[in-house]
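There are 2 protein chains.
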Amino acid sequence: MSLDTPNASPDPQTGRRAARSGGRAARHAARAAKLSDDMRPIRPGMSGGTYKPMSETDVAKIHEAALTALETIGLADAPPSGVEIMVGAGALLGDDGRLRFPRALVEDMLALACKDVTLRGRHPRHDLDLSGTRVHYGTAGAAVNMVDVMGNDYRDSTLQDLHDAARITDVLDNIHFLQRPMVARDITDNLEMDLNTIYACAAGTTKHIGTSFSDPSHMPDCLEMLYMIAGGEDVFRARPFMSNSNCFVVPPMKFATESCETMEMCIRGGMPVLLLSAGMSGATAPSTTAGAIVQSVAECLAGVVYVNAMAPGHPAIFGTWPFGLDLRTGAMTVGSGEQALLTAGCAQMHAFYGLPGGAAGGASDSKMPDMQAGWEQMCSNVMAGLSGLNMVYEAAGMHASLLGFCHESLILGDDLIGQALRCVRGIEVDDETMALDQMAQVCLGTADAPAPGHYLGTDRTLSHMERDCVYPALGNRMSPKEWAENDRPNLVQNAIARKEAILATRSEARFDAGLDAQLRARFNIHLPA
Amino acid sequence: MSLDTPNASPDPQTGRRAARSGGRAARHAARAAKLSDDMRPIRPGMSGGTYKPMSETDVAKIHEAALTALETIGLADAPPSGVEIMVGAGALLGDDGRLRFPRALVEDMLALACKDVTLRGRHPRHDLDLSGTRVHYGTAGAAVNMVDVMGNDYRDSTLQDLHDAARITDVLDNIHFLQRPMVARDITDNLEMDLNTIYACAAGTTKHIGTSFSDPSHMPDCLEMLYMIAGGEDVFRARPFMSNSNCFVVPPMKFATESCETMEMCIRGGMPVLLLSAGMSGATAPSTTAGAIVQSVAECLAGVVYVNAMAPGHPAIFGTWPFGLDLRTGAMTVGSGEQALLTAGCAQMHAFYGLPGGAAGGASDSKMPDMQAGWEQMCSNVMAGLSGLNMVYEAAGMHASLLGFCHESLILGDDLIGQALRCVRGIEVDDETMALDQMAQVCLGTADAPAPGHYLGTDRTLSHMERDCVYPALGNRMSPKEWAENDRPNLVQNAIARKEAILATRSEARFDAGLDAQLRARFNIHLPA
Chain A
1 MSLDTPNASP DPQTGRRAAR SGGRAARHAA RAAKLSDDMR PIRPGMSGGT
51 YKPMSETDVA KIHEAALTAL ETIGLADAPP SGVEIMVGAG ALLGDDGRLR
101 FPRALVEDML ALACKDVTLR GRHPRHDLDL SGTRVHYGTA GAAVNMVDVM
151 GNDYRDSTLQ DLHDAARITD VLDNIHFLQR PMVARDITDN LEMDLNTIYA
201 CAAGTTKHIG TSFSDPSHMP DCLEMLYMIA GGEDVFRARP FMSNSNCFVV
251 PPMKFATESC ETMEMCIRGG MPVLLLSAGM SGATAPSTTA GAIVQSVAEC
301 LAGVVYVNAM APGHPAIFGT WPFGLDLRTG AMTVGSGEQA LLTAGCAQMH
351 AFYGLPGGAA GGASDSKMPD MQAGWEQMCS NVMAGLSGLN MVYEAAGMHA
401 SLLGFCHESL ILGDDLIGQA LRCVRGIEVD DETMALDQMA QVCLGTADAP
451 APGHYLGTDR TLSHMERDCV YPALGNRMSP KEWAENDRPN LVQNAIARKE
501 AILATRSEAR FDAGLDAQLR ARFNIHLPA
Chain B
1 MSLDTPNASP DPQTGRRAAR SGGRAARHAA RAAKLSDDMR PIRPGMSGGT
51 YKPMSETDVA KIHEAALTAL ETIGLADAPP SGVEIMVGAG ALLGDDGRLR
101 FPRALVEDML ALACKDVTLR GRHPRHDLDL SGTRVHYGTA GAAVNMVDVM
151 GNDYRDSTLQ DLHDAARITD VLDNIHFLQR PMVARDITDN LEMDLNTIYA
201 CAAGTTKHIG TSFSDPSHMP DCLEMLYMIA GGEDVFRARP FMSNSNCFVV
251 PPMKFATESC ETMEMCIRGG MPVLLLSAGM SGATAPSTTA GAIVQSVAEC
301 LAGVVYVNAM APGHPAIFGT WPFGLDLRTG AMTVGSGEQA LLTAGCAQMH
351 AFYGLPGGAA GGASDSKMPD MQAGWEQMCS NVMAGLSGLN MVYEAAGMHA
401 SLLGFCHESL ILGDDLIGQA LRCVRGIEVD DETMALDQMA QVCLGTADAP
451 APGHYLGTDR TLSHMERDCV YPALGNRMSP KEWAENDRPN LVQNAIARKE
501 AILATRSEAR FDAGLDAQLR ARFNIHLPA
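Protein chains in written order, with UniProt numbering: chain A, 1 to 529; chain B, 1 to 529.
Among the hints, a few may not be true.
Heads up, the list lumps identical chains together, so a pair's fine if it works in one copy or across two of them.
As the list claims (entries may be wrong) - Straight line, CA to CA, 25 Å or less: simulated SDA-like cross-link-like pairs of lysine to any residue:
#1 K254 to A447
#2 K481 to Q160
#3 K61 to A440
#4 K61 to L444
#5 K481 to D186
What the hints contain is simulated information worked out from the structure, not anything from laboratory work.
Produce the entire structure from the sequences given, and follow the hints as far as they go.
Shown next, in the form of structure tokens:
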């Protein structure tokens with residue numbers, strides 16, 4: 001069953017094998033007409049939910065267990081302001097300093113919680129609607145290294161690396177948002193790091209940005225910068241293009257005191273918050289998948305109480321981010337099947353609550369963008385998408401169990417996530433797609449025409465080509481013969497070339513000269529002008 | 001959020017970072033006790049079905065459309081023997097030479113069809129129970145090239161390559177069967193090729209084998225060889241260790257005349273058959289996912305009628321194998337999201353009929369075992385597993401859109417499929433796994449002990465370590481520091497080394513000397529003794 005067609009000559013432009021005669025010119029003409037956004041085969045915010053790792057009974061059990069944990073174990077270490085807010089709403093402060101949450105309180109606050117969060121881009125075309133099981137993919141993390149692909153090495157990550165990641169994200173269709181994926185280790189002052197992180201991200205992309213702040217005392221300056229970039233506080237509040245990724249808990253079942261203070265200031269400042277619970281299954285969370293989900297759900301429910309007791313309906317993302325641990329070594333692992341299940345199980349809980357939710361998917365344990373990276377990134381990314389996770393964080397570029405970020409992998413991730421999104425879109429079943437009429441025509445012919453015996457070049461096939469099929473940008477589909485004739489294209493080398501091409505162009509996201517001068521006059525910006 | 005633990009020293013044997021103090025010795029002790037097969041975290045035949053790409057209504061629509069296609073379009077080109085068999089059962093032969101199938105006939109034959117096929121290994125420990133949504137992964141295909149990983153090249157595949165693939169498959173836990181993945185191109189005589197294919201496969205593995213035969217006239221010799229290997233015809237019939245992968249249709253909607261004759265001889269000879277319909281979506285099948293599924297279901301239902309009209313209840317696998325086509329070029333593509341959906345949608349139809357089913361998953365368009373290969377292989381493999389596909393064919397080692405087979409990729413596929421199987425196993429939710437008692441103990445302590453504040457080293461975590469977690473053999477989880485200290489292990493280089501180690505050992509599957517001498521006396525065996 002050789003499937004090659006050796007007689008077809010390769011296209012001189014693409015090096016691709018030509019199609020069977022007849023339909024090719026028509027296909028080229030069809031491709032020349034650029035598709036409008038709503039005709040593209042994949043888009044941000046396609047709805048998942050066809051994959052349900054747990055039964056409805058199991059989901060209800062997890063919910064019940066989380067409520068029990070909140071009622072009987074509760075959380076320690078809330079800041080005084082948080083204690084006041086939550087006790088005011090009905091939480092109970094124990095002699096052991098732990099806040100416990102009666103079930104009715106949790107249910108009341110769930111009723112108040114914002115269900116239809118839209119995360120804003122600096123440009124409205126990048127707004128993200130987090131309702132239902134709509135799926136979005138983006139970066140995230142706090143990697144401390146950059147992957148040096150050409151040198152087969154790791155080095156410290158810098159502010160320029162972060163800015164470059166923002167610029168690359170800006171032009172990749174399937175990376176829908178930029179959460180700060182790495183730390184600018186070349187900036188030693190923490191306030192300057194926070195400010196320059198905002199600058200480097202926002203000057204690189206008009207997509208929605210997420211970041212964290214290293215100290216509550218930084219918030220006035222950081223908000224001032226955000227308001228300047230937006231063109232005024234009211235403008236920012238109307239369309240907050242940045243959300244606060246906030247590790248408000250230290251699992252198991254403790255509030256992160258200072259992060260909670262930061263969160264309160266972000267809420268007052270008009271920023272959506274990501275309520276991020278990042279337990280490690282086997283270390284800071286139970287080793288079992290179900291147990292880790294119970295604990296992270298309980299912690300995020302405490303966050304829902306906190307936010308809505310303070311500011312009812314404030315936009316918040318239910319950020320259950322349990323991670324895996326390699327129990328042989330005690331080292332973190334994020335590329336496993338267990339990780340993919342943790343993430344997909346969390347997505348199912350978000351859907352149960354009807355709350356916008358996020359979790360980590362798509363990160364790899366591999367050090368380089370190799371086959372392992374490919375299988376690990378796809379496994380959790382596609383399962384997250386199929387389970388309907390609203391925000392898939394860490395979805396591209398993340399290596400070495402979150403310790404390294406890789407620009408080339410980010411670029412390849414665009415292809416990988418495009419494929420995952422095609423799977424999320426799923427199978428449309430109707431009279432047109434079932435194609436019985438076409439089948440009859442192709443097999444039996446009509447009164448006017450004999451049976452062609454194949455579907456090539458039919459109108460239905462041509463219209464399907466661009467509207468329903470996803471084509472990889474760098475993924476290679478050549479036959480071995482074409483591949484050899486085209487100097488054996490190398491995936492990683494092509495990603496390097498694409499990175500260089502992206503970074504050589506002038507970014508559409510950069511600030512206009514007046515704003516840039518204002519920002520540089522007010523703050524110490526480390527990126528060259 | 002640096003997650004490295006720089007103070008921990010690497011294990012001198014493994015180079016892995018040591019765990020936090022305390023639990024490590026206990027973990028090592030726990031690992032020393034080898035797990036029995038039923039305690040392993042993953043096994044052949046775990047049940048999927050948590051992913052359902054189509055609604056129940058859509059599944060019913062596909063079924064109805066397939067019945068309509070069989071009733072109104074029917075299939076051409078049945079051999080005279082097949083016409084006699086199917087007309088005898090109630091099919092209608094039209095003036096146009098097409099056999100059409102009344103709905104009641106299809107439903108009657110579905111009722112007769114064997115629902116609980118067990119495919120036999122030469123060793124019973126490799127038997128495959130295809131009931132329900134039990135999932136098995138294996139090789140398949142008819143690649144004409146071998147991937148030369150070290151030379152970054154392709155070359156013709158040989159009988160020795162096939163035998164080596166069998167030997168490698170034999171020792172990989174997560175490759176559950178060997179269907180002939182490549183053609184022995186160094187054997188020019190087709191009968192000798194068929195015979196040597198049987199020999200090379202069966203002498204390399206005691207797992208279940210699938211193969212095809214290039215001409216019906218080869219069947220007497222091939223059956224003779226199979227009976228000799230089994231130790232007698234009756235022994236083979238009792239435990240047929242080989243099934244016939246039979247492309248009994250030429251889509252769209254035509255029987256493959258000679259293959260049907262072969263199929264009849266296989267059925268009479270006691271071999272299970274794989275009813276394989278391999279349409280290309282956009283060429284020999286409708287371009288839409290739903291349409292391609294309708295057609296392949298219709299074709300396989302015709303096969304069910306054929307088999308059961310001839311031999312009621314004969315073991316047959318519902319082999320809907322629709323493939324994708326890159327509509328820009330007319331070239332085959334098997335690594336896409338569309339392909340993964342085709343395969344998962346087919347699995348859902350198999351479950352609807354309650355029939356053992358198979359489809360292609362895990363093949364890649366990439367030429368080398370690179371990141372693209374990883375993401376493509378995982379995408380369709382994990383979706384096939386989650387959808388509960390009984391037999392995932394082409395699941396490992398397959399490159400260049402089925403044109404090339406790669407031993408190193410087969411070895412890496414064992415890790416990849418192990419991860420997919422972990423996902424198939426899913427999330428267990430019960431009082432033990434939800435771990436509320438542990439959470440209370442870890443957070444609150446007990447009367448006798450203070451709260452440890454973490455889950456490391458608890459009994460629950462230790463028992464979880466080996467029974468619930470899958471560890472990759474070659475996938476690397478080191479920190480960048482460990483990785484650098486260990487000479488930057490390279491995934492593909494390690495796969496090459498493993499291949500060489502496997503092929504350097506004496507195979508447990510090889511024939512005993514007496515049988516081997518008999519086979520070599522009776523047939524021209526091209527493999528060196």
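Which holds for K481 with Q160 at a C-alpha limit of 25 Å: within a copy, between copies, both or neither?
between (41 Å within a copy, 23 Å between copies)
At most 25 Å between C-alpha atoms: does K254 with A447 qualify within a copy, between copies, both, or neither?
between (76 Å within a copy, 21 Å between copies)
Should K61 paired with A440 be assigned to within, between, both, or neither, using CA atoms and 25 Å as the limit?
Between copies, since 17 Å is at most 25 Å while 50 Å is not.
Evaluate K61 and L444 at a C-alpha cut-off of 25 Å and name the case that applies: within, between, both or neither.
between (55 Å within a copy, 22 Å between copies)
Within, between, both or neither: how does the pair K481, D186 come out at a Cα-Cα threshold of 25 Å?
between (47 Å within a copy, 19 Å between copies)
Hint compliance for this structure: no hint is broken.
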